[in-house]
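Peer 1: If you count the sequence shown from 1, position 33 lands on 33 in this note's numbering, and the numbers rise without skipping.
Hints listed in this document are in silico derivations from the structure and should not be mistaken for laboratory results. This list has only true hints and no planted wrong ones.
Label pairs and their in silico Cβ distance ranges: (1) Ile316 - Ala176: 42 to 52 Å; (2) Ser476 - Thr115: 42 to 52 Å; (3) Met1 - His267: 44 to 54 Å; (4) Arg81 - Ala176: 15 to 25 Å; (5) Gln488 - Lys439: 27 to 37 Å; (6) Glu203 - Arg429: 33 to 43 Å; (7) Asn353 - Gly497: 21 to 31 Å; (8) Leu359 - His184: 17 to 27 Å; (9) Gln92 - Asn353: 45 to 55 Å.
Taking lysine-lysine and the BS3-like style, the derived pairs with C-alpha atoms no more than 25 Å apart in a straight line are: (10) Lys402 - Lys388; (11) Lys209 - Lys338; (12) Lys490 - Lys480; (13) Lys480 - Lys388; (14) Lys307 - Lys337; (15) Lys46 - Lys149; (16) Lys4 - Lys46; (17) Lys209 - Lys237; (18) Lys149 - Lys114; (19) Lys237 - Lys335; (20) Lys157 - Lys4; (21) Lys149 - Lys3; (22) Lys209 - Lys157; (23) Lys388 - Lys439; (24) Lys124 - Lys15; (25) Lys209 - Lys346; (26) Lys114 - Lys191; (27) Lys402 - Lys356; (28) Lys338 - Lys266; (29) Lys348 - Lys266; (30) Lys88 - Lys3; (31) Lys141 - Lys157; (32) Lys335 - Lys347; (33) Lys402 - Lys352; (34) Lys388 - Lys258; (35) Lys258 - Lys280; (36) Lys502 - Lys266; (37) Lys348 - Lys402; (38) Lys94 - Lys67; (39) Lys480 - Lys381; (40) Lys209 - Lys352.
Think of the CB as a built atom: it goes at the ideal place given N, C-alpha and C, for glycine as much as any other residue.
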Amino acid sequence: MTKKIQSALISVFYKDGLDAIIQKLHELGVTIYSTGGTQTFIESLKIPCISVESLTTYPSILGGRVKTLHPSVFGGILGRRENEKDLKEMAQYKIPEIDLVIVDLYPFEETVAKTSDDASIIEKIDVGGPSMIRAAAKNHKHVAVIGSKNEYAYLEKLLNEQNGETTLEQRRLLAARAFEVCAHYDVAIAKYFVPTDATYFLESVPHPKSMRYGENPHQSAVFFGDLNELFDQVNGKELSYNNLVDVDAAVQIISEFKDTTFVIIKHTNVCGIASRNTVKEAWDAALAGDPESAFGGVLVCNAAIDKATAEAINEIFFEVLIAPSFNTDALEILKSKKNRILLQQKKKPANKNQFKSLLNGVLVQQQDEGNYTDWKEVGGKETNEIEKEDLKFANLVCKHLKSNAIALVKNKQLVGKGCGQTSRIDSLRQAIEKSKQFKFDLHGAVLASDAFFPFNDCVQIAHAEGIEAFIQPGGSIRDKDSIDYCVQNKLAMVMTGLRHFKH
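Please model the complete structure; the sequences and the hints are all you need to start from.
Peer 2: Take a look at the structure:
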């Protein structure tokens, strides 16, 4: 059903891009109703409009809290044009039909981001705006609704191409978008009032972006979020679903380190990491940890990429490189492959919680923050300073490996890792095998475990390879077995009290 727009109600906070729409509505002979700052804006364009106050016979009251909440406004929006009783009542009470509603919402989220003043935030809870948007969307059979400035361009296109007419399909599309706007707005307000222990799963993330495909080519996927807040992409193809998953893992682990550190990620697991005095040295050491797995990986560094490092990195195939900055000559080298994704990280994600959809619901948990809560030396010797630093480093690496996880570290370099195994001892065997594959000497290395040792077998096997310092959360009913072995063999063992399972 095609409908000609003959009247419009306009009341918006954001006026950028509105002037062209108002001008076109005027050219089409549309009667415009408005109030407050929007009315002043329209009149500044030398275009006539009728004040909402003249419809309601009430001025804006209570400091602007009540302006449009009146039957003369909502009757004009909600009136059913095919319903004789509605039309008779509208005529009786002199309520004009309203065919187009352009209303946006007070900037609640922006205000929360800028201030902690509760009174200021409360004043940005819009009441009339969502009510008018919902009313127009409900009556989309007769009314077109614009609920956000994001729809201005679409409306302008319709006005220009269709001479002020809209189809039912177009109005329903606009109604759907308007309901989404209101839903997102309500979630933001609810999250402010209920920061924890919510009765509902309160999340609403805008900016959908379709992926080429999901984890596999036969799966469709969409990413919700604004990556531009976090990164400037300075080269390469679009990020894929799997790229994003690995980029997330890379950004999470690099945020743990202050020293110059390079990390190589493969399928969300760390396959190489090292901290060194220079970026080039950190890259060389990280790559040496497992040059085989680094092929096709995602790389991340917490320092500027210089020319020497770029030349070295350029020798291998990788999917993504993330860094806070790139030197000009380094960027020139790295851009030699047009599909190679280069991301300049601007800030860290601020997510406090993690979500996982499963069964018929959603799991919500806090981020796994921190390295250790306790530092209990329970072995047969105290850790020396080098071992201390390596154990702290290894425990952070282990935190970002899939359970069951074992990390072997020497001089702040990952020299062996085992992850995703069904038993801890299998992860240890995998870690030792990796270290031997790349010719590392484990004498002087340290071992981190993401969870407790259920038996002393892991400690025995690692000791046989030359490892003399261990870090683990503890918590097993048989902790004493591993502790006793360390005491008897004068090995260092630290218990942290903080488990780092990752599934």
